[in-house]
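Protein sequence lines correspond, in order, to chains A and B. If you're matching positions, the first sequence starts at 1 in my numbering and goes up one per residue. If you're matching positions, the second sequence starts at 1 in my numbering and goes up one per residue.
Misleading hints may appear alongside valid ones.
To be verified - No more than 27 angstroms apart at the CA atoms, straight line, and that leaves these computed lysine-lysine pairs for DSSO-like: (1) A:106 / B:65; (2) A:2 / B:65; (3) A:56 / B:7.
Don't read these hints as lab results, they were simulated from the structure.
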Amino acid sequence: QKEVEQNSGPLSVPEGAIASLNCTYSDRGSQSFFWYRQYSGKSPELIMFIYSNGDKEDGRFTAQLNKASQYVSLLIRDSQPSDSATYLCAVGVNYGGSQGNLIFGKGTKLSVKP
Amino acid sequence: SAVISQKPSRDICQRGTSLTIQCQVDSQVTMMFWYRQQPGQSLTLIATANQGSEATYESGFVIDKFPISRPNLTFSTLTVSNLSPEDSSIYLCSVDRGYSYTFGSGTRLTVV
Numbered sequence: 001q002k003e004v005e006q007n008s009g010p011l012s013v014p015e016g017a018i019a020s021l022n023c024t025y026s027d028r029g030s031q032s033f034f035w036y037r038q039y040s041g042k043s044p045e046l047i048m049f050i051y052s053n054g055d056k057e058d059g060r061f062t063a064q065l066n067k068a069s070q071y072v073s074l075l076i077r078d079s080q081p082s083d084s085a086t087y088l089c090a091v092g093v094n095y096g097g098s099q100g101n102l103i104f105g106k107g108t109k110l111s112v113k114p
Numbered sequence: 001s002a003v004i005s006q007k008p009s010r011d012i013c014q015r016g017t018s019l020t021i022q023c024q025v026d027s028q029v030t031m032m033f034w035y036r037q038q039p040g041q042s043l044t045l046i047a048t049a050n051q052g053s054e055a056t057y058e059s060g061f062v063i064d065k066f067p068i069s070r071p072n073l074t075f076s077t078l079t080v081s082n083l084s085p086e087d088s089s090i091y092l093c094s095v096d097r098g099y100s101y102t103f104g105s106g107t108r109l110t111v112v
């Protein structure tokens, strides 16, 4: 059973701080990793994906992947109240080279206090 | 990324009835995924719909309860049958366009 684990939070950070969200996964063969943001009552929206070890930056967001440790994280710099949402970590299922569905963690609820 | 139109956005249904959810994608995709998000929970895959073949269901989900149609490469429906209050959830369709999994806006189902 492939699993994705996240701390459910809530994680509370002050405005302007760095928010750090963490995720571990069970399938060592996993190759693609995604971070989604979900506002209450809305569908998930993709923040970024990563598939190579190391860091990937996009604006205020940095995804970090360590396949040896089966660990992926998301850093949000200069956190804003509008970043308050649930952040979902997801791992892509690979079917013999073809991309399949995603397996989601339970999500971490982030609250950014003004 | 793909644009997905999902409807209805919400519905309240009587127990024992059925609800059919539609997803229309703005471009052709091979696979469409149907997820369920129960209150306060994360997303769970119900099934994968391929055009021209039967859907592949995940453990715990059966075709009689969640029949899926996939008549072409841009459209799919999910029916939730014989509704019970436990089916009250958000249902989402999703497609992948090259590492860009996009979701429909979701259907919030309440069973009374």
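Cross-check of the supplied hints:
Taking the CA atoms of residue 106 of chain A and residue 65 of chain B, the gap is about 25 angstroms. The hint holds against a cut of 27 angstroms. Proposed proximity of residue 2 of chain A and residue 65 of chain B is supported: the alpha carbons are some 24 angstroms apart, at most 27 angstroms. The hinted pair formed by residue 56 of chain A and residue 7 of chain B fails the criterion: a straight-line CA distance of about 35 angstroms is larger than 27 angstroms.
Comparing the model with each numbered hint stated earlier shows that hint 3 is the single one that does not hold.
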